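Just so you know, the protein sequences line up as chains C and A, in that order.
Numbering of the first sequence is given in the numbering used here, commencing with residue 1 and proceeding in unit increments.
Numbering of the second sequence is given in the numbering used here, commencing with residue 1001 and proceeding in unit increments.
If you are wondering where the hints come from, they were derived from the structure by calculation, not from laboratory data.
Among the hints, a few may not be true.
[Stated by the list, open to error] Calculated cross-link-like contacts (lysine-lysine; reagent style DSSO-like; alpha-carbon spacing at most 30 Å):
1. K138(C) x K1112(A)
2. K138(C) x K1326(A)
3. K19(C) x K57(C)
4. K23(C) x K57(C)
5. K1144(A) x K1326(A)
6. K138(C) x K1067(A)
Keep in mind the model is a prediction, meaning the values are calculated, not measured.
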Amino acid sequence: MSQPPVIELQNVCTSFRGKAVHKDLSLRVEEGQIVGLLGGSGSGKTTLLREILGLLKPSSGSVRLFGTDLNDPDVILQRNLRRRLGMLFQHGALFSALSVFDNIAFPLRELRCLDADWIRRLVHLKLAMVGLDATHGKLMPAELSGGMVKRVALARALALEPELLLLDEPTAGLDPDRSQNFVELVGDLQRELGLTVVMVTHDLNTLAGLASHVAVLADQHIIAFGPKAEVMTVDHPFVTGFFGADRRKLL
Amino acid sequence: MSETPRLLVEPGRVVLSGSWTLAEMLPSLSRLQAGLAECSGDHWDLSAVTRLDSAAAVLLWRTWGAKWPAHLVAGELPRQVLTRVAELPREMPDSARPRLRFPEWVGMLVLKAAANLRGMIALFGQLLLDVGYLIRHPQDVPWKELTANVYKAGAQALAVTALVGFLIGVTISYLSALQLKSFGADLFIVNILGISIIRELGPVLVAVLVAGRSGSAMTAQIGVMRVTEEIDVLSTMGISRSIRVVLPKVFGLTVAMPLLVLWTSAVALLGGMLAALLQLDLSLVYFLDNLPRAVPVSNLIIGLSKGVVFGFVIAVVACHFGLHVKPNTESLSANTTSAVVTAITTVILFDAIFAVFTRQIGVPHL
Ligand SMILES: Nc1ncnc2c1ncn2[C@@H]1O[C@H](COP(=O)(O)OP(=O)(O)O)[C@@H](O)[C@H]1O
Ligand SMILES: [Mg+2]
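Model the full assembly from the supplied sequences, consistent with the hints where possible.
So, in structure tokens, the structure goes:
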């Protein structure tokens, strides 16, 4: 059975006001991989995720998800495609006018075929998954701490149990205990649901605990992609600088 | 791919197979739900299920009446998912907020109005204190913000106020001319246009436009600064938000408004004059010659004073609502709406007060 790759980027070029961010960037992520995306600050990692989500159109090149081109004009097809993705934004991006409960329930309600009790159970399940109490459901996003915002955002991204999960610096701002929990949580989900995950992270522990593959974004394209152990041996100033003395920790 | 979730009822047991995930279930959700509702057996075989997500687990758990079936064959992963659902507390707090009854609602509105009034008075007092402080420390006067606000609220509004003023002038002149002609009182067009535009329409028209244009912008700007905590950054830097953010806006609009009123009234009169020329053959020279006689100069002073007061009121109302935005988008939009509505209402209220107290002044007695 040859399934199309979950993400396929081909020769993507992006530039903002004449300044190139991506040049001839290609990446191919297969089902079930957990890809850690590394790159210096400002190297265009968030931009890459936005392109995968279809929020930003690359100036040239193609983006295909589950074998479907993001430029396909079929609206229904596009909508169904979006339902198969979940994204955790770098700063949470919770709906500030909705309570935590309603934030998580939002994508479920949008399906328009689940009843209230079903939704309530699912929301509480998601809350429990990310380690929040049922009582937190009543809070408004402005009343949450930074780490809680991340967790609620993750719960919302997981609400539809997407096949592809994109995480932008998920553990930044969490205490080590929480990030360990987070690693275990995503790991569990990955095993249960066969999730494909692409995550941007600077945290070696998260990377070591979770990622099966590593992609390195530098010099405007992916300079290395492959299983963790392979990538670490790549001879590039960024890679050697990033892993440095911690190379062993990853293994 | 044989991924679709399937339900097979065999004698004595129920066999599920395929991928039981929300995405796969959606197309045939009602059929599956109906099918499950009819299953009553105590033997459940989930061994052929390739994937089971929590939505499906909740569905099964509800089908089982919130308890484990007597005989369950399932792989380790589906069992884990089901266990998580089973561990949910039975009583789940409802997220709905209590609904308000009518008297509570009215009371809340009154209290809110009182709180807003109090807030605006406090803001007014704060502004007075700030002015006192700035008089004693002239080096702290935020000149850049002050002039920027005069430019934004005044200079950039010239085009739109001119356009609207001109059209209103033409309309009033045209409609009045029709009436006056039938009385043979053509010459009174000068009085009608002069008094109504300079004393009343000019200031109110500009106030409505400016409340929509600059007032809403002020509320939105201060509100977003609250949402993104920029206001708090100012405080931590030891910069007074009322001096740096509120005062320049209030000052800018108070200065710009009378100028805008003068400008708009002039353009509106021009429009009226042109319409009168076309409609009544009243020459521009005659119109201009008679304007000072028909409209005593005190009307202009009243109009300009209205401009000062209206500008101040609009800015104070807008800043008050901006400072009370709660950090969410809903409150931002609600407060922007309230700011514009309150500003316009207050302006009309002040206009009425003006009308009462200036009723003896500037009306020519023939
Ligand atoms: N909307 C935008 N307009 C202009 N430049 C942008 C925009 N978004 C990102 N950039 C630029 O693109 C580069 C990559 O940004 P980003 O993807 O956010 O980096 P990071 O890898 O840290 O997530 C940065 O230099 C940034 O300035
Ligand atoms: Mg980023």
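Please work out if K19(C) and K57(C) have their alpha carbons no farther apart than 30 Å.
Holds, at roughly 16 Å.
Does K1326(A) lie within 30 Å of K138(C) when you go C-alpha to C-alpha?
holds, 16 Å
Quickly compare the C-alpha distance for K1144(A) and K1326(A) to 30 Å and report which way the hint goes.
holds, 28 Å
CA of K23(C) to CA of K57(C), is that 30 Å or under?
holds, 14 Å
Hinted pair K138(C) and K1112(A), Cα distance within 30 Å
Holds - the C-alpha atoms of K1112(A) and K138(C) are around 23 Å apart, at most 30 Å.
Regarding the pair K138(C) and K1067(A), is the alpha-carbon distance no greater than 30 Å?
holds, 28 Å
Every hint, counting from the list given before, is met by this structure.
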